[in-house]
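Number of protein chains: 2
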Amino acid sequence: MHFEKPISMNRLIFFLLLFWSCANCTYAQRSDSATIRQIYETALTQPKGYEWLEYLCKKIGGRLAGSPEAAAAVAFTRQIMDTLGLDRVYLQELKVPHWIRGRQEKAFVTHSKRYSALPLRICALGNAVGTGEKGIEGQVIEVKKMEELETLGREKLAGKLVFFNMPMENHYPNPFTAYGLASAGRRAGASEAAKYGAIGVIVRSLTTNIDEFPHTGSLRYALNIPKIPAIALATIDAEALSNALKIEPEMQIYFETHCQTLPDTTSYNVIGEIKGSEKPEEIISVGGHLDSWDLGEGAHDDGAGCVQSIEVARLFKQLNIKPKRTIRIVMFMNEENGLRGGQKYAEEAERLKEKHILALETDAGGFSPRSIGIGDEAQNVDKLLKWQPLFVPYAIQLQKNGGGADISTLRPLGTILVGLQPDSNRYFDFHHTSKDNFEAVNMRELQLGAASITAFIYLVAQYGI
Amino acid sequence: MHFEKPISMNRLIFFLLLFWSCANCTYAQRSDSATIRQIYETALTQPKGYEWLEYLCKKIGGRLAGSPEAAAAVAFTRQIMDTLGLDRVYLQELKVPHWIRGRQEKAFVTHSKRYSALPLRICALGNAVGTGEKGIEGQVIEVKKMEELETLGREKLAGKLVFFNMPMENHYPNPFTAYGLASAGRRAGASEAAKYGAIGVIVRSLTTNIDEFPHTGSLRYALNIPKIPAIALATIDAEALSNALKIEPEMQIYFETHCQTLPDTTSYNVIGEIKGSEKPEEIISVGGHLDSWDLGEGAHDDGAGCVQSIEVARLFKQLNIKPKRTIRIVMFMNEENGLRGGQKYAEEAERLKEKHILALETDAGGFSPRSIGIGDEAQNVDKLLKWQPLFVPYAIQLQKNGGGADISTLRPLGTILVGLQPDSNRYFDFHHTSKDNFEAVNMRELQLGAASITAFIYLVAQYGI
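Which chain is which? The protein sequence lines are Z and E, in order. For the first sequence, the numbering used here assigns the number 1 to the initial residue and increments by one for each residue that follows. For the second sequence, the numbering used here assigns the number 1 to the initial residue and increments by one for each residue that follows.
Treat the hints loosely; a few may be bogus.
Identical copies go unnamed one by one, so any copy, or any two together, can satisfy a pair.
Straight-line distance between alpha carbons at most 30 Å, and here's what the computed DSSO-like set of lysine-lysine pairs gives [stated by the list, open to error]:
#1 LYS145 / LYS48
#2 LYS48 / LYS435
#3 LYS195 / LYS322
#4 LYS246 / LYS48
Calculated from the structure, these hints are not laboratory results.
My request is simple: use the sequences and hints to build the entire structure.
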């Protein structure tokens, strides 16, 4: 290629300017991509997060808000952050609900010629009242949709156990869609059934699998409605129960749960901070929730998110990256059965008139990271989405729409909410069960997630929103 | 919005044409997206592939070419295809190498004050000669790079065992990169060391993990070089051995392997075909390899790819999709230690002057599908990449560069080679080990992979390349 016309001075200046600006842009781009590469390499070759997760799972274990394990988890994550040389590590005190499961639950079929005394695999739902020693027993009325309750009415439901058999459908590309659609029975079923005089509820576990594991999770009692006991039933038993009821509709179930709610108690969010070098008043929060259900070790939900968040701080410090804006690592307390940690964090942010520009949550499991979901439909996040090319080598998609339960409390402040979105296909194999253990987490997958959010937060800290 | 100027006739015609073509395009788009949605939903809700995989793994198991299990796998997959109502199901006869492992291998340290008789976790490499009952024993020379052999020379290597301690590095975003870089020792190390008079080789297993599992895999002996025995050593023992050699360089290792190569034997590719309704002469092949290593059940490698390929035919038939072009489902035999199935398939294609427009292989594990890699740098596949929007709901990326070992033999025919690319982070936890079992495969992940390739093949069958 050669120039056919002589080049004018204006043109020359134009090309020079173009070259200068491109050169600059290429330089910035290359420097960012080199930093991001360092972040990924360090996360993979020195997997601190994975080591911390092993401790959190194996030495501490399940850590529901208010439990001794939750207190240990507060102390442990504070201790880790204290070793990282952050500018500030502190606790944010708050009151949390204190629900305990008590003795192992039991349930079996009664008043059946075929199935009597057949044990069922159950667990109490979180926040539920217990039956105590005497247990409860009643005929079982199966419903497939919440609206059926009204049709059945008090006449059919009073004194009965309502069996919410709403399966998590398997045909959605993303199982979270199915979870959202199927979870009404667990969340609200007890109060809805109690309105019509039901004495207890049995909820099909929320998983697309047919297996032997009851999945716990929290319910919420409505005001001024009697609180009735509620259990989750393993899907394999839910299928069997549904079939058995077709043959013997008069069969009954007995169950016994020993859970109770103690007075609210004191707990903490754990927070670590790196001060921004140029705009310290602009705050970027990164967090997961420190509490977990008690049946397993809270590995995917959400030990993974906690250690990935602390990894952000560790990688910044270790790689000597000085963020222009302030970064806060937050271990939120009580996401599972109260969200008090998220609420407290937002209250304090408001009280101190802090400027929270962006908050990222990682609470969807320690699986292979696939995308980072940013903001909501109403927010213009085009600038952030333009960082996509930097994530291509790591197969991470930047896309609109993200967030997390704990950080949702920052929405009224106009904060851009962001969520790490790992592969979700195996999430409901483990979610809220006794299988959510350290062994279920893969080192590379966990650490790639940590690297992905670190890289994203690095860009936010450098360039703002 | 309203028109300010009166609209001319020409303009009107232009707009009408625009509308007509857009409406058509929207229609076609919508119809394809509806078909693809059906494909995904059926794959997830009726997981036949997962059931077939359970049989292949649990009832048949590891199935190296020439083994009784490989014969059973031929019969089993032919039987499945016979139930699907395909236009043609047939076997393609071929000769395969017949290597057998024989009795369990053993290895331990000798001539050491500290570690004598310490057992090492090993397995023979595929295609290797065995030591027989007498075993071999020798001093161990560790090398980190192939080039060190020349530096050490015959003086240092004659009569010794060469220990190729080339770790699969953990810092690459995709572990296949690390695998490619680290695998020379396993593939070529025995002959390279034998050139300098070494009597045997010990190869560090190919995984980024530090664990107790030896990973087998095939080696290739060079012509006119003595064939010496070769074993893979678990990474945890490779680390220990390397450390021990620093303290006691004179330590020796004894190992005993009972593998042998029997005369070539007869085996088969299994092929099922749906004839194209409009261009039957244009052939699209979809396959995985039916043979597997013997240590595990060949679940991810490559039972998963086999059942996913058969799912393509099943989903077409069940959803009554009539492809315009011919689709061939191919179970390739002997990918692991010879590639004879792929060679035979290409020979027959050439002999019959068949027009193979595209071939897809799925042989990277039954993990969550992430992308479909298409063609190579020299091929224009823009038309195929434009189908991307149809895959957005399933988070599948269409990208350049793909293929697979078995279908690589079709490259000289100008065929576009395509590979399903699942998440690879856990692949080398299982690859070529006793852990590659059915339990390591997740139903949703496997079936999403099957749906992804079915959707892609559907588009190729409708629109060509």
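So, going through the hints one by one against the coordinates:
Within a single copy, LYS145 and LYS48 get their C-alpha atoms only as close as 46 Å, which misses the 30 Å cut-off; across copies the closest is 29 Å, which meets it. In this assembly of identical chains, LYS48 and LYS435 lie within 30 Å of each other by CA distance both inside one copy and across copies; the values are 23 Å within and 26 Å between. For the identical chains of this complex, LYS195 and LYS322 are neighbours neither inside a copy (57 Å) nor across copies (53 Å), given an alpha-carbon limit of 30 Å. Within a single copy, LYS246 and LYS48 get their C-alpha atoms only as close as 53 Å, which misses the 30 Å cut-off; across copies the closest is 28 Å, which meets it.
When the structure is compared with the earlier hints, a violation turns up for hint 3 alone.
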